[in-house]
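Following the hints, position chain B with the ligand against chain A.
Those protein sequence lines, which keep their order, are chains A and B. Residue numbering for the first sequence follows this note's numbering, beginning at 17 and increasing consecutively. Residue numbering for the second sequence follows this note's numbering, beginning at 2 and increasing consecutively.
Keep in mind that the hints were calculated from the coordinates and are not lab data. Just so you know, even glycine gets a beta-carbon here, dropped at the ideal spot from N, CA and C. Keep in mind that a hint or two might mislead.
Chain A is faced by these chain B residues, among others (derived, beta-carbon under 7 angstroms) [unchecked claim]:
| hint | residue |
| --- | --- |
| 1 | VAL66 |
| 2 | ARG132 |
| 3 | TYR155 |
| 4 | VAL195 |
Label pairs and their calculated CB-CB ranges [to be verified]:
| hint | chain 1 | residue 1 | chain 2 | residue 2 | range |
| --- | --- | --- | --- | --- | --- |
| 5 | A | GLU291 | B | GLN209 | 28 to 36 angstroms |
| 6 | A | ASP286 | B | PRO48 | 44 to 52 angstroms |
| 7 | B | PRO39 | A | PHE284 | 32 to 40 angstroms |
| 8 | A | PHE268 | B | VAL241 | 20 to 28 angstroms |
| 9 | B | TRP30 | A | ARG114 | 53 to 61 angstroms |
| 10 | A | PHE268 | B | THR106 | 37 to 45 angstroms |
| 11 | A | ILE371 | B | PRO157 | 32 to 40 angstroms |
| 12 | A | GLY173 | B | SER47 | 52 to 60 angstroms |
| 13 | A | PHE281 | B | PRO48 | 39 to 47 angstroms |
| 14 | B | SER47 | A | ALA365 | 49 to 57 angstroms |
| 15 | B | LEU234 | A | PHE372 | 33 to 41 angstroms |
| 16 | B | SER47 | A | LYS188 | 50 to 58 angstroms |
| 17 | B | VAL241 | A | PRO21 | 51 to 59 angstroms |
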Amino acid sequence: MTEIPEEILRRSAEARAKATGRDVAEVLAEMRGDDSPSSAKEASIEQPTATAAAPTAPEKPLPTEEIPEIPEEILRRAAEARAEATGQDVEVVLTELRQGAPPSISPPQPATAVASQIPVDPPSSIVPEVAPTASGSAAAAPVEQRPDLATLAEQTGIPAHLLERSYRARAKAEGREEPVPGEVDGPVSAPAVAASGAATGSVSTAAPVAAVPEGVRTQRLLTVVKAGAIQQVKKEPTDKVNTWPHLLAIEFVALMVVTVALFVFSAFVDAPLLEFANFNDQPNPSKAPWYFLGLQELLSYFDPQVAGVLIPGIGLLGLAIIPYIDRNPSVKPSDRKLAIMTFSFFVMASGILTIFGSFFRGPGFNFVFPWVDGIFFDF
Amino acid sequence: MANGNSNGRPGLKIRVGEALGHVRESEVWSSIFRPGSPFRAGYSDSPRNRSYVIMNNVLYHLHPVKVKRHGVRLSYTLCLGGLSFFLFILLTITGIFLMFYYRPTSPAAFNDVAALSTDIAFGQMTRNLHRWGAHLMVLTVFLHMCRVFYHGAYKPPREFNWVVGVILLLLTLLLSFTGYLLPWDQLAIWAVTVGTNMAAYTPVFGSQVSFALLGDIQVTANTLLRWYVLHVLFLPFIIVVFMAVHFWRVRKDGGISGPL
Ligand code: HEM
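Chain A extracted, bound-state conformation (with noise of 0.2 angstroms):
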């Protein structure tokens, strides 16, 4: 049995109290001993991961009508492994698990029943209650029985080797080295066989939720999964706040401050508008739009292909690919020292060079002093 984590455990159990109304403590003894007949029953079918331990008698049988009503979609789903499992048809079966009845194949034919039982394995099924629960668990005790493999393998379909690995499975679950037939399940099962060969049909397909009354939902755990193996937390919580209010008030208030401020500057100033466009007479200095007058400057430096096509080029190559070149996995400033210098020297330098080509050039590009001759410059 593989470990169960004592939170869940005690959550069971007291689910499974409260649903019996029995002593938690007691019941808690039960599953983790897993020795009582009763307990074995139970825990078939909350972890399906222990041992398949054959069901007993229920403590309270039910009569028939009282078996809740099991969704359609599901007894088809049962009938149809039943079926297939058999080889009986399919609307044959399902009439019979409709009416309750216990599987046309009786218990105390191990063989066959095993046979019946293996596709609908207990442990994995996901329909415990509709399956026939008496011989699907007496099953449990004949698995043992390894010459079975072979005949239960043409039986079902079920390639031999696969029936072997899983039998194999069991029996490490269940702590076995070597498969002794009978040796585990032993003490509880021969009786469990007994038991539900005894029990009608009905009743032991009702017996796991016989205890239940009305309205108390029980929670079958269908198996345990280590957290860390399907669920990686990779992120630790950050300190998050609601966009709204907080960052789309700032957001509006940015906005409108940016807003008033247009529209109050171009309240007072207006966009240029000089002459007709005339081709013949071009204005000196003649200067391109602001953005690109620090290329202009190193016009007056460089040769033009230098200057107009390679300098922005690689500029706006090396602009994309600084993610790239950058390996320095840290945003710490301290850390950062060469890139952060680097790119403020290129950042200034760009900015003093359109600074300079703005104001500190007049006609024929040549330096002036803003102050002294004027400003040789239209936004």
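Here is chain B with the ligand on its own, set in the frame of chain A:
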């Protein structure tokens, strides 16, 4: 009867309030404002509604429902990306207004722009907003890039968004530059002449590049039409596509970077 008048009828304030209340409860109103909108009747300030404000609004849902606390500090982003986007929208609105009065043909273009300040209500104001907004946008985009750099916000997983950003910067400059020609005055044509002369120095393909840009061997009316189409249609379309990718990546890359 504090709000009542001498007739014993409720005061105007109360009646208007009631009328507004009815409007807010009307089917029309609540069909417009989706659940969680603060404009809807019965809005209350709950965590659930705070989420709905964002999720149920076509514009706000660019945002995540929650953001990192440091991200809302004005000093972190300085709102520069957001303002770039806002300026783009402002430019779209004012630009559409300007398009109503502008023909991209040789003398007409200049005359139409000149007429904005004399014949058209709010023409000058709109033109001013458009022009200053455009210059401001170049500035905010550039500053936005700087702040992204200084925060190291281009580091994995945001490398590609930086590249998208560089494309946006280029597109912003191109939008501004193409718009620069449209007034068709001395400033426009000579600035564009100087600017495009640089492109003519492209090794090997210089003259082809220049011709593709100008639609001629020098700036002519062909250039005007070409740049007009680029300015009002092609480039805005492209930049919107890249902005969509940009914003989407900001979200997909885990929201705003940081804290430092
Ligand atoms: C039209 C131009 C642009 C617009 C409208 C724009 C818009 C935005 C917005 C709204 C954000 C969210 C954070 C913030 O506001 O700072 C953002 C983030 C970002 N932007 Fe831009 N951007 C533009 C240009 C650029 C440029 C030129 C670059 C870099 C070359 C860039 C790189 C980035 C990066 C890497 C982020 C993620 C930052 C972070 O996670 O902290 N963007 N952008």
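The hints, checked one at a time:
1. VAL66: For VAL66 of chain B, the interface hint holds, since the closest Cβ of chain A sits about 6 angstroms away, which is under 7 angstroms.
2. ARG132: holds (4 angstroms)
3. TYR155: Nearest chain A Cβ about 4 angstroms off; hint holds.
4. VAL195: holds (5 angstroms)
5. A:GLU291 / B:GLN209: 28 to 36 angstroms: holds (32 angstroms)
6. A:ASP286 / B:PRO48: 44 to 52 angstroms: holds (49 angstroms)
7. B:PRO39 / A:PHE284: 32 to 40 angstroms: Between PRO39 of chain B and PHE284 of chain A, where Cβ atoms are some 36 angstroms apart, the hint holds.
8. A:PHE268 / B:VAL241: 20 to 28 angstroms: holds (23 angstroms)
9. B:TRP30 / A:ARG114: 53 to 61 angstroms: Holds - the Cβ-Cβ distance for TRP30 of chain B and ARG114 of chain A, about 54 angstroms, lies within 53 to 61 angstroms.
10. A:PHE268 / B:THR106: 37 to 45 angstroms: holds (41 angstroms)
11. A:ILE371 / B:PRO157: 32 to 40 angstroms: Between ILE371 of chain A and PRO157 of chain B, where Cβ atoms are some 35 angstroms apart, the hint holds.
12. A:GLY173 / B:SER47: 52 to 60 angstroms: holds (59 angstroms)
13. A:PHE281 / B:PRO48: 39 to 47 angstroms: holds (40 angstroms)
14. B:SER47 / A:ALA365: 49 to 57 angstroms: Given range 49 to 57 angstroms: holds, Cβ gap about 53 angstroms.
15. B:LEU234 / A:PHE372: 33 to 41 angstroms: holds (36 angstroms)
16. B:SER47 / A:LYS188: 50 to 58 angstroms: holds (54 angstroms)
17. B:VAL241 / A:PRO21: 51 to 59 angstroms: Given about 53 angstroms between the Cβ atoms, the range holds.
When held up to the earlier numbered hints, the structure conflicts with none and fits them all.
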